[in-house]
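Following my numbering, the numbering of the sequence shown begins with 606 at its first residue and continues without gaps.
Hints listed in this document are in silico derivations from the structure and should not be mistaken for laboratory results.
Wrong hints could be hidden among the right ones.
Pair ranges (Cβ atoms, derived) [to be verified]:
{"id": "1", "residue 1": "629", "residue 2": "702", "range": "31 to 39 Å"}
{"id": "2", "residue 1": "669", "residue 2": "644", "range": "18 to 26 Å"}
{"id": "3", "residue 1": "618", "residue 2": "700", "range": "21 to 29 Å"}
Since the structure is predicted, the reported quantities are computational estimates derived from the model, not experimental observations.
Positions of the beta carbon are idealized from the N, C-alpha and C atoms, including for glycine.
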Amino acid sequence: MYTATAVFDLLLPGDSRSLKAKRSYVRPIVAALRRFEVSAAEVGALDLHGRAELGVAVVAAEPAHAREVLDACERLVAGRPEIELLSVRRRLYGAED
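Model the full structure from these sequences, guided by the hints.
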């Protein structure tokens with residue numbers, strides 16, 4: 606069994622000056638990520654209006670499958686025209702970890 610995680614650091618548009626506006630950008634992205642059957646949530650920069658950190662976790666039988674799922678999640682996030690993907694941090698954990 607392998608688990609893989611990714612944390613996406615996002616820059617939100619200038620009009621996200623309130624937490625309500627921030628949620629209007631973050632919630633659809635999290636919902637779209639869940640279509641890949643992953644756990645997804647806002648995990649950081651919770652009080653910053655123009656930034657967001659989204660965490661994604663996946664469990665798979667093979668490490669290649671876990672990487673493929675995270676690749677698809679990254680393409681989805683990077684393809685959103687309304688936000689800028691600043692960085693992605695990934696980790697892969699095996700049964701020995």
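Going down the list of hints, with the structure as the test:
Between residue 629 and residue 702 the beta carbon distance is about 37 Å. The supplied range of 31 to 39 Å therefore holds. Separated by about 20 Å at the C-beta atoms, residue 669 and residue 644 satisfy the suggested range of 18 to 26 Å. Taking the beta carbon of each, residue 618 and residue 700 are about 42 Å apart, not inside 21 to 29 Å as hinted.
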